[in-house]
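Reminder that position 254 of the sequence shown reads as 254 in the UniProt record's numbering, one-by-one numbering, no gaps.
Don't read these hints as lab results, they were simulated from the structure.
Errors might be hidden in some of the hints.
Unchecked claim - Pairs of lysine-lysine, DSBU-like flavour, derived with a Cα cap of 30 Å:
1. Lys74 / Lys18
2. Lys100 / Lys74
3. Lys78 / Lys59
4. Lys174 / Lys209
5. Lys18 / Lys84
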Amino acid sequence: MIEQMNDELAQACVDGLKNLEIHNYPQPINMELSANADKNYGQASSNGERKPNPWILTKILRYHNKEYYEQIIKPLLKKNYEAKKKEKQILNNQTLVPNKIDLTNDFTLLHTQQKAAKREYENEEQIVIDLTKIIAYYAGETEYVYNIKEFDSICGTLVIHHKLEGTFYKKLEKVNINFKNKKIDEKDNSQSLTAKHIFKKYASKFVMKGCKFISEDPEIFSIFQGYKYKKLDIIDYECLQMYIDLIKETIAAGDERVYEYIFNCMAQIIQNPGKKSIAAIVLQGRQ
Numbered sequence: 001m002i003e004q005m006n007d008e009l010a011q012a013c014v015d016g017l018k019n020l021e022i023h024n025y026p027q028p029i030n031m032e033l034s035a036n037a038d039k040n041y042g043q044a045s046s047n048g049e050r051k052p053n054p055w056i057l058t059k060i061l062r063y064h065n066k067e068y069y070e071q072i073i074k075p076l077l078k079k080n081y082e083a084k085k086k087e088k089q090i091l092n093n094q095t096l097v098p099n100k101i102d103l104t105n106d107f108t109l110l111h112t113q114q115k116a117a118k119r120e121y122e123n124e125e126q127i128v129i130d131l132t133k134i135i136a137y138y139a140g141e142t143e144y145v146y147n148i149k150e151f152d153s154i155c156g157t158l159v160i161h162h163k164l165e166g167t168f169y170k171k172l173e174k175v176n177i178n179f180k181n182k183k184i185d186e187k188d189n190s191q192s193l194t195a196k197h198i199f200k201k202y203a204s205k206f207v208m209k210g211c212k213f214i215s216e217d218p219e220i221f222s223i224f225q226g227y228k229y230k231k232l233d234i235i236d237y238e239c240l241q242m243y244i245d246l247i248k249e250t251i252a253a254g255d256e257r258v259y260e261y262i263f264n265c266m267a268q269i270i271q272n273p274g275k276k277s278i279a280a281i282v283l284q285g286r287q
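Using the sequences provided together with the hints, build the complete structure.
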């Protein structure tokens with residue numbers, strides 16, 4: 001599909017062709033086309049007849065009216081490119097669906113860094129999708145607070161760390177981006193692209209309204225992302241037996257109904273973090 005040329009650029013091309021003389025004296029070529037070349041030429045010729053391409057005018061001016069091309073056409077082409085680029089970014093922002101931070105998924109900033117080093121990313125949108133798996137931010141009382149999912153080597157689990165802008169950006173600056181199909185120019189002294197640039201460009205995909213311990217509102221970041229524990233393949237109940245006996249024999253005083261009630265209360269609290277229990281257990285002494 002041939003891209004439509006805007007009116008401003010089209011008129012500039014027409015103006016550049018006025019009073020322009022092109023002298024072309026082709027010489028006969030004493031060579032025969034192969035059957036395949038002849039077939040391809042016929043198809044290309046017929047396609048050109050069906051789909052006239054206005055952009056060929058810019059090439060004519062480039063070779064036959066160079067001064068006009070450099071002064072008028074080239075700036076308009078750049079302006080057109082920037083406008084198309086902006087439209088594409090707006091469309092990508094509207095259609096890009098961010099992920100949510102999930103502590104059951106082991107993906108961290110380290111994985112993003114490794115993928116970038118291996119040139120596995122094809123475009124910015126793929127990087128944004130990965131970053132939304134580990135990053136969110138909201139406006140604090142005095143400045144923005146940035147939440148990032150990281151591995152806690154002491155606990156051996158994934159946790160949410162809360163960082164201020166300076167520390168957060170230093171982490172993102174360490175992630176250099178090289179896209180899959182982009183050639184690296186060793187002579188290019190321009191600043192390298194990092195995860196920080198990508199984050200700032202698509203910041204709207206990471207912002208939250210606020211932060212609470214736990215919330216059902218998808219626009220509010222929940223601090224509680226699950227208990228910090230390792231799931232065991234085999235459970236050793238013997239290590240809990242002393243604690244269970246203490247509850248049953250001392251706290252419940254051997255009453256089976258009280259013992260079951262206490263365990264149900266504990267289960268309700270653990271299974272519903274952040275929610276108040278209906279009743280509270282009060283221990284009373286003999287005095």
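task = Would you list, in rising numerical order, the hints stated earlier that this structure does not obey?
result = Number 2 only.
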